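Protein chains: 2
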Amino acid sequence: MSKPNLQIALDHSDLPSALKDVKNVGDIVDILEVGTILLLQVGDEAVKCVRAMYPNKKIVADTKCADAGGTVAENVRKAGADWMTCICSATIPTMKAANNEIDEIQIELYGDWTYEHAQQWLDAGISQAIYHQSRDALLAGETWGEKDLKRVQKLIEMGFRVSVTGGLDVDTLKLFKGMPIYTFISGRGITAAKNPRLAAEQFQKELIRLWGE
Amino acid sequence: MSKPNLQIALDHSDLPSALKDVKNVGDIVDILEVGTILLLQVGDEAVKCVRAMYPNKKIVADTKCADAGGTVAENVRKAGADWMTCICSATIPTMKAANNEIDEIQIELYGDWTYEHAQQWLDAGISQAIYHQSRDALLAGETWGEKDLKRVQKLIEMGFRVSVTGGLDVDTLKLFKGMPIYTFISGRGITAAKNPRLAAEQFQKELIRLWGE
Chain G
5 MSKPNLQIAL DHSDLPSALK DVKNVGDIVD ILEVGTILLL QVGDEAVKCV
55 RAMYPNKKIV ADTKCADAGG TVAENVRKAG ADWMTCICSA TIPTMKAANN
105 EIDEIQIELY GDWTYEHAQQ WLDAGISQAI YHQSRDALLA GETWGEKDLK
155 RVQKLIEMGF RVSVTGGLDV DTLKLFKGMP IYTFISGRGI TAAKNPRLAA
205 EQFQKELIRL WGE
Chain P
5 MSKPNLQIAL DHSDLPSALK DVKNVGDIVD ILEVGTILLL QVGDEAVKCV
55 RAMYPNKKIV ADTKCADAGG TVAENVRKAG ADWMTCICSA TIPTMKAANN
105 EIDEIQIELY GDWTYEHAQQ WLDAGISQAI YHQSRDALLA GETWGEKDLK
155 RVQKLIEMGF RVSVTGGLDV DTLKLFKGMP IYTFISGRGI TAAKNPRLAA
205 EQFQKELIRL WGE
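Here the protein sequences come in this chain order: G and P. Counting along the first sequence from 1, when you hit position 127 you're at 131 in this note's numbering, and nothing is skipped either side. Counting along the second sequence from 1, when you hit position 94 you're at 98 in this note's numbering, and nothing is skipped either side.
Next up, chain G with everything else stripped away, as it sits in the complex (with noise of 0.2 angstroms):
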């Protein structure tokens, strides 16, 4: 089973905060991502400082685009992104028409998404998907639970490459060990650390641990 991704969140609310974060760790973690809420905020800056700073690196967009997949898409591939989130919510033909633009969807999994919907992004031919730990259960101090590593383990079996993100730590990749997970996205799970570039280290350290390198 080889090592899954490892990739940081850039939800920071300004341009100069995000890039001192991507520099502390950007060469260690494997996908940057430009976060919705700094793509709100900056625009595609953001993505062109990241794609400018990290030529070489996989970036993804949280754009969790719900329509106009087309223009988007084209946009944030423009500024250099090589792959955008798309919310589950929204129509197969605004999935396509990103799916078009850019090399590749990923699909974000809010609310009451179902295993009939998934098959329809499959059709469609999109094939990540990012599974949040609910806030509710974040919230009310849960961590992952059983049902959420079914869930996980439903959507591999089905074909997808799955991310995992929400509450992630070093503590917590040994919920998921043996599961072939793709990637884990943290956020303030590694820039809120004391010394993030440890974090990060540390984060990969651990996956190397559980799933070889």
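Hints should not be assumed to be uniformly reliable.
Treat identical chains as interchangeable: a pair holds within one or across any two.
[Unchecked claim] Calculated pairs, DSS-like style, for lysine-lysine (alpha carbon to alpha carbon, straight line, at most 30 angstroms):
1) Lys-27 <-> Lys-52
2) Lys-178 <-> Lys-62
3) Lys-82 <-> Lys-62
4) Lys-7 <-> Lys-178
5) Lys-61 <-> Lys-181
6) Lys-52 <-> Lys-24
7) Lys-52 <-> Lys-100
8) Lys-181 <-> Lys-7
9) Lys-181 <-> Lys-209
10) Lys-181 <-> Lys-198
11) Lys-82 <-> Lys-27
12) Lys-209 <-> Lys-198
Hints are computed from structural coordinates only; laboratory data are not their basis. The model shown is predicted, which means the values in this text are computed figures rather than measured ones.
Add chain P to chain G, keeping to what the hints say.
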């Protein structure tokens, strides 16, 4: 029955062309929308510019927020927005967090939302919803059908102020005659017209003809 509002959606990919269009019609329409495409490209600067140009107009930031509602709402409020949109698949805590930070939230109806969800939004203190004519239907050459009108009517009866959008032009407004629509949203129906100012004036004139002053 009071005249529905007319909202211009600025769905441009760059700031200058958005500002050109809003300058032409901003005084005629009732509500100015900084569209998702524009936000993702330009960031909150777009909201700030429109607010500076129109200090007394209602401004909506079409964030289609799916997560981090409190942060996104605080950011767009600080930039000058009165209202913002949340995607229907956002969780209730996300919607509530946004609603606490800004004057009003509007729920964007995409995908398989249910009236049960809609009641949860009302219970959370959210009473604006935006009904989109399906893109599939528009691409297939359909216009607003009975099914759409029934759904809009049901939402109004539940207690929502409902905005409608998707392929609207002056000729389609009469389909809604007799229904207390809160707002008609038009983007290219106005901005792509030969004379956008005239198009906006014709929209308003038709609204007054059908609903009264």
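Here is what the structure says about each hint:
no. : hint                : result
1   : Lys-27 <-> Lys-52   : both (14 angstroms within a copy, 29 angstroms between copies)
2   : Lys-178 <-> Lys-62  : within (25 angstroms within a copy, 49 angstroms between copies)
3   : Lys-82 <-> Lys-62   : within (14 angstroms within a copy, 32 angstroms between copies)
4   : Lys-7 <-> Lys-178   : within (13 angstroms within a copy, 59 angstroms between copies)
5   : Lys-61 <-> Lys-181  : within (26 angstroms within a copy, 54 angstroms between copies)
6   : Lys-52 <-> Lys-24   : both (15 angstroms within a copy, 25 angstroms between copies)
7   : Lys-52 <-> Lys-100  : within (24 angstroms within a copy, 33 angstroms between copies)
8   : Lys-181 <-> Lys-7   : within (11 angstroms within a copy, 60 angstroms between copies)
9   : Lys-181 <-> Lys-209 : within (14 angstroms within a copy, 64 angstroms between copies)
10  : Lys-181 <-> Lys-198 : within (26 angstroms within a copy, 61 angstroms between copies)
11  : Lys-82 <-> Lys-27   : both (22 angstroms within a copy, 28 angstroms between copies)
12  : Lys-209 <-> Lys-198 : within (18 angstroms within a copy, 61 angstroms between copies)
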